[in-house]
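Sequence order for the protein chains is Y and R.
My numbering numbers the first residue of the first sequence as 217 and each following residue consecutively.
My numbering numbers the first residue of the second sequence as 51 and each following residue consecutively.
There are no misleading hints in this set.
Derived contacts from chain Y toward chain R, CB cut-off under 8 Å, selection only:
(1) Phe-224
(2) Ala-225
(3) Arg-226
(4) Gln-273
(5) Ala-289
(6) Val-294
(7) Gly-297
In case anyone wonders, no lab produced these hints; they're calculated from the structure.
Every residue gets a Cβ at the ideal spot worked out from N, C-alpha and C, and that includes glycine.
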Amino acid sequence: MKVKVKLFARYREMVGRSDMDVETSPGTTVEGLWQALAGQYPGLAKMGDSTLFAVNQEYAARSRELRDGDELALIPPVSGG
Amino acid sequence: MARLEQVMFEVTDQKLNPQSAIDKVAHESLGAILVFIGVARRFSKGKIIRHLEYEVFREMAAKKIAEIGQEMRDRWGLDRVAITHRVGHLDIGEASIVIAVGSPHRKQAFEACEYAINRIKQTVPIWKKEVTEDGEFWIEGEFSV
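Working from the sequences, and respecting the hints, build out all of it.
Set out below in structure tokens:
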């Protein structure tokens, strides 16, 4: 199945792109996909604990199972205002 | 008092106009309109800032801001609230956010307004980059990285 990953701010700069399509197996959780990405992009791995995730534009737990066509956003600690 | 259908919660690349936020919430039932304006500051932890860059997850940010508006309605019964966050390039002294809270009485307006800006800083997917004389730094939560 295919998941669209969105990257913002420092993560976007670290990876060098703002989104990508990732092929993964059915049943993959947010945490599972994050681990795969962190393996591929070591810069992300260091950010582990403080990263939040949004699936289809709602905050989601790391245990959330992804579905085909989902959009997973990696959310660095926010700093608006 | 009739009111046109207006966007009360939004993210924009345009300069902010506090008066238009006031106009959006104005109503004869109000005894107070409290306006909070966040502005781009020159100094940050010893660094001298040239300008700011705000990045946004646009679709989600607008939704999260509207949710905060709903929370203000639920907790304080306030339904005349306008929040606009600016993104993109901001020069020093320019407004990054304008929150206008209309209330029959001031106490609720002060409480709700502080709640709103605190929640925005916790939940809305917007990120600030400080472009300083010593380089560019993303701000993540409380931290500069």
